[in-house]
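**Student:** Residues per chain, in single letters:
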Amino acid sequence: DAMVIQNPRYQVTQFGKPVTLSCSQTLNHNVMYWYQQKSSQAPKLLFHYYDKDFNNEADTPDNFQSRRPNTSFCFLDIRSPGLGDAAMYLCATSRSPGTGDQPQHFGDGTRLSIL
Amino acid sequence: AQSVTQLGSHVSVSEGALVLLRCNYSSSVPPYLFWYVQYPNQGLQLLLKYTTGATLVKGINGFEAEFKKSETSFHLTKPSAHMSDAAEYFCAVSARSTNAGKSTFGDGTTLTVKP
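Chains A and B, in that order, give the protein sequences. Taking the working numbering, I'd label the letters of the first sequence as residues 12 to 126. Taking the working numbering, I'd label the letters of the second sequence as residues 5 to 119.
By construction, these hints were calculated from the structure, which means they are not laboratory data. Quick reminder that beta carbons are idealized off the backbone N, C-alpha and C, glycines included. Among the hints, erroneous ones may be present.
[Claimed, not checked] Quick partial rundown of chain A residues pointing at chain B, CB under 7 Å, derived from the structure:
{"hint": "1", "residue": "54"}
{"hint": "2", "residue": "105"}
{"hint": "3", "residue": "107"}
{"hint": "4", "residue": "111"}
{"hint": "5", "residue": "112"}
{"hint": "6", "residue": "113"}
{"hint": "7", "residue": "117"}
{"hint": "8", "residue": "118"}
{"hint": "9", "residue": "119"}
Using the sequences plus the hints, can you model the full thing?
**Tutor:** Right, here's the structure in full:
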């Protein structure tokens with residue numbers, strides 16, 4: 012089945028130690044998103060790629076970076092994680108015809124804990 | 005800019021009772037509208053969407069929603085709740101003209117189903 016896969020499902024890192032979360036998709040969608048979701052809150056968009064074009068949200072901290080080496084893979088890098096970065100990180104994809112009517116397909120997320 | 009408000013952060017119903025989750029949107033033009041469900045430690049899954057045409061939209065798991073332009077609403081209903089419906093539900097809107105299908109999510113409603 013075509014899907015969005017996030018690895019690992021659970022990640023523990025130390026305060027200030029860089030961490031990378033990965034996302035892969037077999038849907039061949041041209042848009043990939045990264046969201047941060049804290050407990051009982053809505054997903055908060057960090058950034059997205061439209062093909063190779065990177066689009067950062069205005070309030071995304073510089074501590075968060077992303078890479079998309081090809082259509083199938085996208086990475087979220089947190090350069091110096093702080094305690095406030097502990098959250099669920101969701102990757103999503105969509106097929107975008109440019110009119111906004113395409114739903115997003117989500118992975119099951121990576122839950123990040125900071126020690 | 006569009007926004008979405010979900011009325012009631014927590015809704016509790018008895019098994020077999022009607023489920024009604026409320027969503028109101030604010031947009032200069034009618035947006036595209038989506039309902040997603042999120043089970044614990046999983047990503048969001050699309051329940052249904054409204055783009056154009058029939059205002060009563062049927063989705064998966066017996067859910068449906070009706071787009072009411074005059075009320076700027078897109079409430080989610082299910083005639084008879086099942087224990088497996090217990091989850092977090094998110095309403096989302098997307099502008100009719102966007103380059104990457106970005107959605108704005110509501111804060112979510114936690115549905116509890118009592119036996």
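**Student:** Decide, hint by hint, whether the structure agrees.
**Tutor:** Outcome of the hint check:
1. At its closest, the beta carbon of residue 54 of chain A sits 6 Å from a beta carbon of chain B; the interface hint therefore holds under the 7 Å criterion.
2. Hint on residue 105 of chain A holds. Least Cβ distance to chain B is approximately 5 Å, under the 7 Å limit.
3. Interface restraint check: residue 107 of chain A against chain B, minimum CB-CB distance 5 Å, threshold 7 Å, status holds.
4. For residue 111 of chain A, the suggested interface contact is upheld, since its CB lies about 4 Å from the closest CB of chain B, less than 7 Å.
5. At a threshold of 7 Å, the smallest CB-CB gap from residue 112 of chain A to chain B is about 4 Å, leaving the interface hint in force.
6. Because the closest C-beta pair between residue 113 of chain A and chain B is about 5 Å apart, less than 7 Å, the hint holds.
7. Taking 7 Å as the C-beta cut-off, the interface hint given for residue 117 of chain A holds, the closest approach to chain B being about 3 Å.
8. At its closest, the beta carbon of residue 118 of chain A sits 5 Å from a beta carbon of chain B; the interface hint therefore holds under the 7 Å criterion.
9. The criterion of a C-beta within 7 Å of any C-beta in chain B is met by residue 119 of chain A, whose closest approach is roughly 5 Å, and the hint holds.
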